[in-house]
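There are 2 protein chains.
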Amino acid sequence: MNIGASLSILLVLSTVHAFQYNQLAQYVDEHQEEYVEALRDWVAVESDSSNVLRRPELHRMMEMVAQKLQQMGGAVESVDVGDQELPDRQTLALPKVVTARFGSDPNKHTLCVYGHVDVQPAKLEDGWATEPFNLTEINGNLYGRGASDNKAPVLAWMHAVEAYQKLSMALPVNVKFIIEGMEETGSNGLEAMILAQKDTFFSDVDYIVVSDCGWLSRRPAITYGTRGNCYFLAEVHGPKQDLHSGVYGGTVIEPMTDLIGILDTLISPSGKILIPGIQEAVAPLSDDEWRMYQDIEFDVDDYKNKIGVSKLMYSNKVDLLAHKWRYPTVSIHGIEGAFSDPGTKTVIPSKVCAKFSIRQVPNMDPTVVEKKVSDHLHSVFSKRQSPNTLKVSMVIGAKPWLADIHHPLFEAGKAAIKRVFSVDPDLIREGGTIPISRTFQDVTGKSIIMMPIGGFDDGLHSQNEKMSRYNYIEGTKLFIAFLNELSQITEAAV
Amino acid sequence: MNIGASLSILLVLSTVHAFQYNQLAQYVDEHQEEYVEALRDWVAVESDSSNVLRRPELHRMMEMVAQKLQQMGGAVESVDVGDQELPDRQTLALPKVVTARFGSDPNKHTLCVYGHVDVQPAKLEDGWATEPFNLTEINGNLYGRGASDNKAPVLAWMHAVEAYQKLSMALPVNVKFIIEGMEETGSNGLEAMILAQKDTFFSDVDYIVVSDCGWLSRRPAITYGTRGNCYFLAEVHGPKQDLHSGVYGGTVIEPMTDLIGILDTLISPSGKILIPGIQEAVAPLSDDEWRMYQDIEFDVDDYKNKIGVSKLMYSNKVDLLAHKWRYPTVSIHGIEGAFSDPGTKTVIPSKVCAKFSIRQVPNMDPTVVEKKVSDHLHSVFSKRQSPNTLKVSMVIGAKPWLADIHHPLFEAGKAAIKRVFSVDPDLIREGGTIPISRTFQDVTGKSIIMMPIGGFDDGLHSQNEKMSRYNYIEGTKLFIAFLNELSQITEAAV
Numbered sequence: 001m002n003i004g005a006s007l008s009i010l011l012v013l014s015t016v017h018a019f020q021y022n023q024l025a026q027y028v029d030e031h032q033e034e035y036v037e038a039l040r041d042w043v044a045v046e047s048d049s050s051n052v053l054r055r056p057e058l059h060r061m062m063e064m065v066a067q068k069l070q071q072m073g074g075a076v077e078s079v080d081v082g083d084q085e086l087p088d089r090q091t092l093a094l095p096k097v098v099t100a101r102f103g104s105d106p107n108k109h110t111l112c113v114y115g116h117v118d119v120q121p122a123k124l125e126d127g128w129a130t131e132p133f134n135l136t137e138i139n140g141n142l143y144g145r146g147a148s149d150n151k152a153p154v155l156a157w158m159h160a161v162e163a164y165q166k167l168s169m170a171l172p173v174n175v176k177f178i179i180e181g182m183e184e185t186g187s188n189g190l191e192a193m194i195l196a197q198k199d200t201f202f203s204d205v206d207y208i209v210v211s212d213c214g215w216l217s218r219r220p221a222i223t224y225g226t227r228g229n230c231y232f233l234a235e236v237h238g239p240k241q242d243l244h245s246g247v248y249g250g251t252v253i254e255p256m257t258d259l260i261g262i263l264d265t266l267i268s269p270s271g272k273i274l275i276p277g278i279q280e281a282v283a284p285l286s287d288d289e290w291r292m293y294q295d296i297e298f299d300v301d302d303y304k305n306k307i308g309v310s311k312l313m314y315s316n317k318v319d320l321l322a323h324k325w326r327y328p329t330v331s332i333h334g335i336e337g338a339f340s341d342p343g344t345k346t347v348i349p350s351k352v353c354a355k356f357s358i359r360q361v362p363n364m365d366p367t368v369v370e371k372k373v374s375d376h377l378h379s380v381f382s383k384r385q386s387p388n389t390l391k392v393s394m395v396i397g398a399k400p401w402l403a404d405i406h407h408p409l410f411e412a413g414k415a416a417i418k419r420v421f422s423v424d425p426d427l428i429r430e431g432g433t434i435p436i437s438r439t440f441q442d443v444t445g446k447s448i449i450m451m452p453i454g455g456f457d458d459g460l461h462s463q464n465e466k467m468s469r470y471n472y473i474e475g476t477k478l479f480i481a482f483l484n485e486l487s488q489i490t491e492a493a494v
Numbered sequence: 001m002n003i004g005a006s007l008s009i010l011l012v013l014s015t016v017h018a019f020q021y022n023q024l025a026q027y028v029d030e031h032q033e034e035y036v037e038a039l040r041d042w043v044a045v046e047s048d049s050s051n052v053l054r055r056p057e058l059h060r061m062m063e064m065v066a067q068k069l070q071q072m073g074g075a076v077e078s079v080d081v082g083d084q085e086l087p088d089r090q091t092l093a094l095p096k097v098v099t100a101r102f103g104s105d106p107n108k109h110t111l112c113v114y115g116h117v118d119v120q121p122a123k124l125e126d127g128w129a130t131e132p133f134n135l136t137e138i139n140g141n142l143y144g145r146g147a148s149d150n151k152a153p154v155l156a157w158m159h160a161v162e163a164y165q166k167l168s169m170a171l172p173v174n175v176k177f178i179i180e181g182m183e184e185t186g187s188n189g190l191e192a193m194i195l196a197q198k199d200t201f202f203s204d205v206d207y208i209v210v211s212d213c214g215w216l217s218r219r220p221a222i223t224y225g226t227r228g229n230c231y232f233l234a235e236v237h238g239p240k241q242d243l244h245s246g247v248y249g250g251t252v253i254e255p256m257t258d259l260i261g262i263l264d265t266l267i268s269p270s271g272k273i274l275i276p277g278i279q280e281a282v283a284p285l286s287d288d289e290w291r292m293y294q295d296i297e298f299d300v301d302d303y304k305n306k307i308g309v310s311k312l313m314y315s316n317k318v319d320l321l322a323h324k325w326r327y328p329t330v331s332i333h334g335i336e337g338a339f340s341d342p343g344t345k346t347v348i349p350s351k352v353c354a355k356f357s358i359r360q361v362p363n364m365d366p367t368v369v370e371k372k373v374s375d376h377l378h379s380v381f382s383k384r385q386s387p388n389t390l391k392v393s394m395v396i397g398a399k400p401w402l403a404d405i406h407h408p409l410f411e412a413g414k415a416a417i418k419r420v421f422s423v424d425p426d427l428i429r430e431g432g433t434i435p436i437s438r439t440f441q442d443v444t445g446k447s448i449i450m451m452p453i454g455g456f457d458d459g460l461h462s463q464n465e466k467m468s469r470y471n472y473i474e475g476t477k478l479f480i481a482f483l484n485e486l487s488q489i490t491e492a493a494v
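For the record, the sequence lines run as chains A and B. When we follow the numbering used here, the leftmost residue of the first sequence carries the number 1, and every step to the right adds one. When we follow the numbering used here, the leftmost residue of the second sequence carries the number 1, and every step to the right adds one.
It is worth saying that the hints were derived from the structure and are not from the lab. Model, not experiment: these values are computed from the prediction. It is possible that part of the hints are untrue.
Treat identical chains as interchangeable: a pair holds within one or across any two.
Listed below are the simulated DSS-like cross-link pairs for lysine-lysine, each with C-alpha atoms no more than 27 angstroms apart in a straight line [claimed, not checked]:
#1 K446 to K304
#2 K414 to K446
#3 K345 to K418
#4 K391 to K345
This is chain A alone, in the form it adopts within the complex (with noise of 0.2 angstroms):
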């Protein structure tokens, strides 16, 4: 074949491509409604996977993620994970984890798409304008608890196979899904069935996409690494119960007083963490990525305006990149068994335990990290010599996840996103935390690609969570887009 004939092949094939592409994107307008409305149902399950009370509604998600798998007609399977061990040593059944597949054709590639549908707990009284669980539609945006984190990602993955479906037009690559319900507390048991199906559901898939995340500006924008998160418990254990403040105050060594001191020995007001050889292990920042975070679109003021703060920990933005990114950092969420209600009380609380937890970075080990905090924790509270006693235990221990951006799948991606945004795509990593990245890529040894469809300002884990119409829509077609750019890649290029 002469390089003329070749040529016009490949535009034929592109052609072909691009009609595909249009008639698929405009499929997705016209059913923008349903995909909102099916939003809306899921939304208003309050699936929070923390609160052992919303259990129910929690298998009733995941029953209604296999449902609508079915209805489409994947092979699915509901898969039994086991139990969850609560504090009070009762068990609990865990949400199913639901695979699916869409074609089994040994000529395509595979590729498999996790997601979650569990959510972050939330109330109206914690200031959301709008009722949670009762997806609202204000200015093009959608609120909702999970509408972003990651209900909406995981509905759009599933309509844009649908689309190719209804348009009878042949997916361009095997499609698997794998959805859970626990991610939010964990993902407890996805690690063992992951490793349980290493050589069955995972034997024939090539790539894995994850969604469960956002870009960083009004940029599209592809992921390449996730920090990792050490989540502690420090728990400081005095009296045999709650005392009267007045009746005993003065006499009694109160267990507050020692966790909030050896809290205050964690992080510097600057930011510095102060726990001896946690700092040390971090990568040192090369040139390479210096250039990289300087080509970033990504507006301090913009940052520091949406955050509502007058300072930021770090003034310009490499270092704010930097930091968001790939250096470790403290963060105390709060304290359990203190008096937290509104109103004043006067207990001296005979049970306190801190929630802090650490992020991870290349090349941090959770392992050594929660030597050296509980190492510290101990060591700074026999300093004290209180009679309480202190139990320091990680309850998290997620690994960070580092892809390599010149990987085919990420240049399918980019191309996936100029096609769908007529840009090119912000290279980005997550300061947050998908541990299932990293499982993945160390469990099956499969490419993995985050490709998020959420905004930067989605307010995750927050009050008045959202997803924009417009992510959502053009989300869609984006996951169209790839599917198409996927069914190119050469194993040779691989």
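Model the placement of chain B on the given structure of chain A, informed by the hints.
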């Protein structure tokens, strides 16, 4: 009159009193089942002043008090003290304050008895061994919510007056009652009512007695001081809303880190208050006090075991009592706005509000304490150079109360205890705050005494509250004897 004649008259008077007492004490012993039944009826009324749903019960309780005093022939008034404002801007009628008068002989002293008949919340599920509103006697203890705090003491005062009446003996002093129903939630409306009746109800009152406290050990006690309390809110406000710690951690200066940092400057591990100017105001411990504390019956090991700690803030009795009663202390009660539920949540709370209080003793001044605390916190906060904002406010500023233990009122108390229990009382203070004593002192200018009959282990505000039958019945005799002793105070001595 020669000295011999005076002496024989005194002896005769003394004998008459002794005779009266024995008759009265026998009457009390013979009617103790009636007294227990009266307590049963009162405990059965769930007069929880903190629960607006129990307000009808509370009104009924006040009516029962008024009825009882009327049946005894008192001049009774039920004083309307207005409405309570609820958080939702609704209002609710406060329980009436019941006053009564027995006798108005201008040649006799007049004692005013203060008490309350509202109670703390209680539910069987909280860990009660018996139904909290069904008085249950086990091994000589009468278990029930409000039994010790403060229903039995109020009934004991009524039965003391009644015993004189039933035996047709003249009351040695005029007796007034002021019984309220909002003590457990801050005595709403009472201070204004006392102020309004300063020149009417209180005009002929000489002494006020409060029996709303307990002994320190098995030895009877008289209480001559209470600590005050300054309750603070320290609120650090940062981002507009809660943030995801993965997405934003490392780029924002977290309010929780700031709050922990400033809280850690309040008190040292060994209990020293670190706020400049607080400890300096405290009256030094006198040699007399030291000796008094030495003589008090207080088992340090017992106290330690009851609390359930291996070490207290101080190891010797005098230091412990001094720090329980007459030194200030800082207790950090908790933090509102941070994550306080079970489980793990990766949140950077945007607004966190610490609650802490400083117990007040002579010669501290809450207005000065408020300024010192605010200045100190703002000073350490400004050193952090945080963009977040700090707001410090004092929401309770209750002064301490301290009486002169050599006042004839206290001599009368000591003599009454000696008569009934054949021991000298412990002269004690209360570490907690009973603002009504200070209010009575400030508004009426009268002398106050606190004469407890509750046991040291009555479990006030806790599960399984009780009043022992012994303390209830002997306490009634104590009040009878105290009325006698009061009548012998001469104007000159006062």
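Comparing the hints with the structure gives:
no., hint, in the structure
1, K446 to K304, "neither (38 angstroms within a copy, 60 angstroms between copies)"
2, K414 to K446, "within (19 angstroms within a copy, 85 angstroms between copies)"
3, K345 to K418, "neither (59 angstroms within a copy, 36 angstroms between copies)"
4, K391 to K345, "both (26 angstroms within a copy, 19 angstroms between copies)"
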